[in-house]
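Asks: Given next are the chains, with one letter for each unit.
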Amino acid sequence: MKVYRPSSLGEALDVRAAHPEAVPIAGGTDLMVELNFGRRRPEAFVDISRLPELGVIRREGDTVSLGAGVPYARIIRELPDQVALVQAARTVGSPQIRTRGTVGGNLGTGSPAGDALPVLAAYDARIVLASARGTRRISWRDFLVGPKRTALAPDELIVAAEWDVPQGPGSFSKVGTRNAMVIAIAGLSLQVDEAARGVRVALGSVGPTILRAPDAEAFGAGALDESGAWANPEAGVPEAALARFGELVAAAAKPIDDVRGTAAYRRHACGVLARRALTWALADRRLPAS
Amino acid sequence: MPVADRAVEARPGLGVGVSAPRVDGTPKALGAFAYGSDLWVEGMLFGGTLRSPHPSARIVSIDVSGAIVLPGVRRVMTAADLPAKRRYGLDVADQPVLAEDVVRYVGEPVAIVAADTPETAREAVAAIRVEYEPLPAVTDMEAALRPDAPRVSELGNVLRHIRIVHGDADAEADVWVEGYYEIGMQDQAPLGPEAGLAIPAADGGVDLHVSTQWLHSDLWQIAPCLGLPEDRVRLHLAGVGGAFGAREDLHMQIHACLLALATGRPVKFSYGREESFHGHVHRHPARMWFRTGARRDGTLVNTQARILLDGGAYTSSSPAVILNASTFAAGPYEMPNARIEGTAVYTNNPPAGAMRGFGAVQACFAHEAQMDRLAAALGMDPLELRRRNLLHTGSVLPTGQVIHGSAPAREVLERCVALPGPADPAPGERDPLLLPGGAGNVGRGEHVRRGVGYALGYKNIAYSEGFDDSCEAVVRLECDPDGVVASVHTAAVEVGQGLHTVLAQIVRTELGVDRVVQLQADTAVGSAGSTSASRQTVMAGGAVELACSRVREHLFARAAARAGAGAGFQGPFRLSDGHVFSGDTPLGRVEDLLDTPLEATEVYRHRPTNRLDGRGQGEPHLMFAFGAMRAVVDVDEDLGLVRVVQLAGVQDVGRALNPRGVASQIEGGAAQGLGLALLEEIQLRDGHIANASFTDYLLPTILDMPPVVSDVVEEPEPGSPYGAKGVGEGSTIVATAAVAAALRAATGRELNRVPVTPDDLAGLAGPRTSAGPAPVPDVPGPRPVYEYR
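If you read the sequences in order, they're chains P and B.
Each residue of the first sequence is one higher than the one before, counting from 1109 in the numbering used here.
Each residue of the second sequence is one higher than the one before, counting from 10 in the numbering used here.
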């Protein structure tokens, strides 16, 4: 097996163009497992763990650009105000995995169980893809096209995820049977967007890919409207509306039974998490801005 | 040599009853300890195993030509190449070394290869073509009992049936409670997967370095399959990374020896995790139907129990496991009348065998749930109901066996009740990581209910049913340039439980010597029996104590002879401060008496037990150890997630030879019991293991395992070395039942199956149901006892 070790993004893109069969590897926390189980035997790897361009976190105005090679441990340390993303990063594996694993890996694998992905979906993130041909930005939705399928072209690399920082509280929650180091049975990220008076909800591990819950989002935003909570955070939202919100999120899930959990439980958990996440967001809106 | 440290020197000054530091602690903590997977010798080949993908199939043809032609492949073997005996097994030699005409479970070895590299071995395995004709499979333990079920074994599908009829088995009671219980298949999940290295020897024999639990049992099974006399097969213990019963059965031993002898080269096997899941036996899944009757005042009257265990495709230790499950079905309570029917069946599931708790875990889950249910029906406090019926010395068990030894069940329970509860931080100050759901950030304490549950249980120590249980030890006392040193040589296996530390403590106590060296366990000495059944502290400890006293006698005799007949001995001989004394008169320095070494070999045997008769009456067990546990749990009612807040365990240990070692065993055993209650299950789909990795076979992490507080009851067991009882299994037996009881208390749900799932706790799945007890097979009396040879 061949391993290419480019030292800059430019070199790496040349390798990609010349050897599209070479699989990019950064932290290796997914790929090495596949390799060890004999599920994949790529002819070649491109080691992208040393590309300085992928290790950058950049903030320009209200936009965050997160390099695809930034490990979860750094996200926790360096992006404390991106609350939902940090919460997701904390649920990833063990400390060792968080030191190696990257958001770029979550995107590249494209598994619906990738812990960072529901947050990127709730952030309405754009994925930055580069090749020797140039750079393009596509929405997370157009990038994650199916279960473990992405829109990455054979000569491209994932360079970064970027998003406009939403003004408003957000969270990420993950249900697994075990209290740590567990693959999600259901994951949910909720983000309030005060400027657009919107509520965004994204679900992981309950469908072939990351799902948004548009009906629930519309209902949630409407409920805040109705109670006057957008203007007056103290107003809150009635219990019945919270319950309905949970039901609509649960209805958006497309879960299956597998070795980790049942479809019925996954759907149920989505409803519970949604209701809790909205309740927390409403409570956090009442806190004086720090 | 490519093996673990040949000898471990103990630290001085720490005898029996002291928390001596572990002799293997530092090397293990530093990563310097060599485990079986670290075995290496120049020029060795790597073994690989082709395993059956079918739960039941006929082998139509095997074509190895694609494998043999691969560069670097040195040998491929199938059943056609076996040189001698073709089957092996602990109790019954029914397991093929390599499958012949049929395969009976997914994972059964069909062919083996030896190659220059592990990668080549894997490629060679993949290149073997086997044509199978799938046959109907029995993968349900109740279906196995149907008359029209396909026969898994030539012997039929009933592996063993135990019938215990005690007192008036039809005795009426004022109050009856009924329950149906299920237990899933737990894996021992030792962190060190199976590994060993076979090295062909100049005498035509073979030296096998292997991680195992009983070197001689391995030897007795391996030698006939190689066609070699036992003295040409020499086993040496490689570092064992946990065992828990999984290493009682053979795995790669015969395969490595066959390939080493066939190639004339050393051959190493080292299973990965996925292969390990397929390569060893598991805990028996169980279905249990119980009726328990009591008088209005809470006095137990009658237990009617029907226990069914899935033994999988081969016998392994199922006969003894079903004996235990059956004999302990009534729990640690006086039960004047009982009818207990226990059946282990063959199925086309992976074989089940020994695992920590060995049948008592399954029984405890059922009898303790029944006690709580009975307490509710009687309107009584569950602890009070237990107190009213506890076993004690002199009690008669359902087998008719009278407990002659210590049985401090009451003291065990009361000390457990008295252990301090969890000190919780005030609400809102609690680390969210310690809420149900842990690192997942799923709640801020919403709908969290607390529950407290107790369980009490007991189990036999050492082997039962008339088995000739023994251990040999050689102790040598000599003087080297650094002074007096004792060496201990046994075949007893240190699996990580602390045996070497305890044996060194015994030697220090008996011989007054600071330096104790343990020689590597091997088959150059006599059998030590298995490191199982909580027996090795008693058995190896007993043998070492005996050998030490013999050495001491030699030493005294030498001292007396040298002092001369006229010395006028002042009283009994004793050892003190490195001198031999007679009364208060010093006869000489030990150092000076050891111009030539003194050595003694002794065999320790425990008092005989016997078999059950046709009504399940007899004296099958040697001694009993009792355990109690209290579990405190928090349950997120909406999500069905759990945080166990505290486990409080008390064990009856006879005497704690190393108190810290005992506490560690209680803690580790509790973790394994908690795992079965909440997480650990091999999920079988038509005989296939659906989660053969640690990604999906979930062991408790540090966020799942709470602090354990523990205490011991020390009431010496008469006739046992130092009065000690074994300590390895007690907490595992009660932890599962205690956690389940606490979950029931928190949720009010029935929870009659472990592992309990989030669906169960959130109310999405109801209790498991059954159409009624499985039919009792028409098999008279228990089958013959365990025959290891």
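Don't take every hint at face value.
If we take Cβ atoms under 10 Å as the criterion, some of the chain B residues that face chain P in the derived model are [claimed, not checked]: (1) 91; (2) 135; (3) 139; (4) 694; (5) 695; (6) 705; (7) 775; (8) 777; (9) 779.
If you are wondering where the hints come from, they were derived from the structure by calculation, not from laboratory data.
Ideal Cβ positions, reconstructed from N, Cα and C, are used throughout, including at glycine.
Asks: Looking back at the hints listed earlier, which ones does the structure fail to meet?
Replies: Numbers 1, 3, 5, 7, 8, 9 - these are the hints that the structure violates, sorted from lowest upward.
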